Amino acid sequence: MMPIGNLARMVAANTMRSRRHFVLSAFGIVIGIATFVLFLASTEQVAAVLEKIFPVEQVSVVAPRTSFAGKDLSKKLDDAIVAKIRARPEVDPKDPKAIIPRMALTFPAFGRGDFDSNDLKFEVGGFADGVDGSFVPDEGDQRTKDLFRDWDGDTSDPHRVACQPPPTPEDGDVIQSPAAPKGGHPGGLDPAAPPPPPLDKVDDWEKWVWTYYHNPCPEPDRYYCDESDHTCHHRVPVVMSPTMIELYNGQFAKSHGMPVADVDFVKFVTQRGGLSAMRFSIGLGLTTIAGSNASIRKKPRRVEAVLVGISSHAMPIGVTMPIQYIQRWNREYLGDDAATAYSSIIVKLKDRNRIAVFAQWLQDDLDLRLEDSLGQKFATAIFVIRLVLILISLVIILISAINIAHNFFMQVTERRRELGLLRAVGASRADVLMVVLGEAALIGLIGGIIGIGVGFGLGALIDWISAHSLPRFPFKPSTWFHFRWWIIAGGLLCATLFAVLGGYLPARRASRMEPAQALSQN
Amino acid sequence: MPPEPVVRLRDVTKSYGTGAARTQVLRGVSFDIEQGELIALVGQSGSGKSTLLNIIGGLDQPDAGEVEVLGLDTLRAGDARRAQLRNRSIGFVFQAFNLLDHLTVLDNVMLPASFSPGAGDAAGRGMEALRRVGLSDFAKRRPGELSGGQKQRVAIARALFGAPKLLLCDEPTGNLDSETGKEVIDFFRELNAKDGVTLLIVTHERRVSSVAKRVIAMRDGMLVETTDEALAVAGGGPA
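Quick mapping for you: the protein sequence lines, in order, are chains A and B.
So for the first sequence, this note's numbering puts the first residue at 1; every next one is plus one.
So for the second sequence, this note's numbering puts the first residue at 523; every next one is plus one.
These are calculated hints, taken from the structure and not from any lab test.
Source: prediction; values computed, not measured.
The beta-carbon is built from N, C-alpha and C at its ideal position, and this holds for glycine as well.
Some hints could be false.
[To be verified] In silico SDA-like links for lysine to any residue, alpha-carbon gap of 20 Å or less:
1. A:Lys76 with A:Pro242
2. B:Lys662 with A:Met16
3. B:Lys662 with A:Lys76
4. B:Lys662 with A:Arg17
[Unchecked claim] From the derived model, a few chain B residues whose C-beta atoms are all more than 10 Å from chain A:
5. Thr540
6. Ala635
7. Thr702
8. Ser732
9. Val733
10. Arg741
11. Met744
Taking the hints into account, I'd like the entire structure generated from these sequences.
If you want it as structure tokens, here you go:
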């Protein structure tokens, strides 16, 4: 058998000496592989963007809405339902994240925060929910992982010290989160400074608080003085979905003359100057909506929250926090029943193909259903589109393989005498087969590399045109292509494989040629 | 015990084509070639000389008979064994030189090393082969830059590269002028005399057959054995 080094040298020399043959053979491969990698990279990126909008790796179990005479009679999603779902064979019992209940904040609450010197007020009641802390952080988001937890449940927190909270307005308003002390101020009301004017003589409470009161807690970047127990609490960590950021950028920021925010939270915080810049107040039991008649059992109070990250697992429109906060607040304002009823249950199935069986069981045995998921529909559409595009690419590559076969048949005929000579000086049939197949493989490999380069170039061109010519729209990606390593490897493999396939029959003919006849050819 | 012949043929037959177009090229050819012989295989065009040479060299397979070359039954041996035999023990010299124009003279000479694992100092051996044919100064040139005689000497150097025991030459002087042809024949005679290389030269030229120790003639696919008879059959040729 021919030594592999000699084979490589001979294949390289033979390929390089006939440039016309090389160009004719490699052209189709270049086009085919360029479309192959470009199509795959684009569907990969579109799928990634869609998954940001609609997480598709899990299904959501909800109770059908039923009511009678204005009273909600919907089935309650509680821990008993969770246990039944967990026992299903479609669910992996060893996966702690296989079942994640979500609980909505079901009483009025509104938020107030400062963003770029703008006093923002927004509803939180109905636009907030809670989930287990381990579920929220997206992969690799260590910052959110560290901060998104039930800080109030940790009674051993050394920062839970006594403090004097800012005064509460009596008009039902909620003040913005007070600033951290600076310039030697001790926090709270400064005892060394002249006493501030009495509050009953002040029109603007907000201004009074911001002038005379400063956050007295240790680490004021993260802690605030809670008015219910006069101790320092970690601000409630919340996350928002990329959908919220896009809605803000696409609709809100433009119409209100606000700055555009980058989805990348790190950049976002850096722009704003630290974690406390993302803080806001929540008035529990209060609402900005006139005419609300929700019956709550407790006096409204103010807590502070802080945006700690962006998560695709967050509520699409609203904010998401650790579920323990929601449970405590629902119990506090509405009672035990509200603290044990989930709004939905996220279920990760072992096999997504079993979704129909699972849905049928839910309906038959529990009278529950799966939430209509646009994500599932989009994922299916993307899957089909990807298959069609791959098919188109493969057809192009197949045609190029046929082109390679045609060229190699011509080459083998033209090189009969040369191949016969190789047999005469000691090449076996297998050697000749390997030489011709090696030439085909090299053409495929080089064609594949050039094709991938062309794919990258076209991708960059399309991205440039998109950046300069397409208007901004929600979730507009900075690139339309995600060239994953397996796409590149698959492209090279496909190129080489199809080229070898195209070269096989000519190589077989070359190897079976009788050397005596080949040498006698004029 | 007498030494084994280098080539042993028994009742070798070969035909080409099928049906009405079938042509019987060899009809039961049998003969031995002993080590150190210089044999001229003569005959008119179409008599089967080249076919017989190709069968001996393993470049073609007979329809029937026995072919043993340097102890290898080439009819039954696999393709890889026959290729190995050609690579290590047999050298070919063709009328048309068969040099590869895209390679240098030295690379042409070293071509057999491509198919030989552990070929060692192939370049050194290639240069030595070129030196023997007096072309060591032409190593870097391309075949297109050489005369016909020089090309044939390069082809001979390539045939000698593997230090073969058997040299099979098919009309080696057919494309050369008489002076150059004489030089080539003298080189073969010297190779046979000094190195003991066994040579089988297919030719129809009298000056080639005149230096052979034995002349075997072919007519209609059969041998005419003796030297004198053979020469008569060959019908003479250019001296």
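Checklist entry - Which numbered hints are broken by the structure, listed smallest first? => result Numbers 1, 3 and 6 - these are the hints that the structure violates, sorted from lowest upward.
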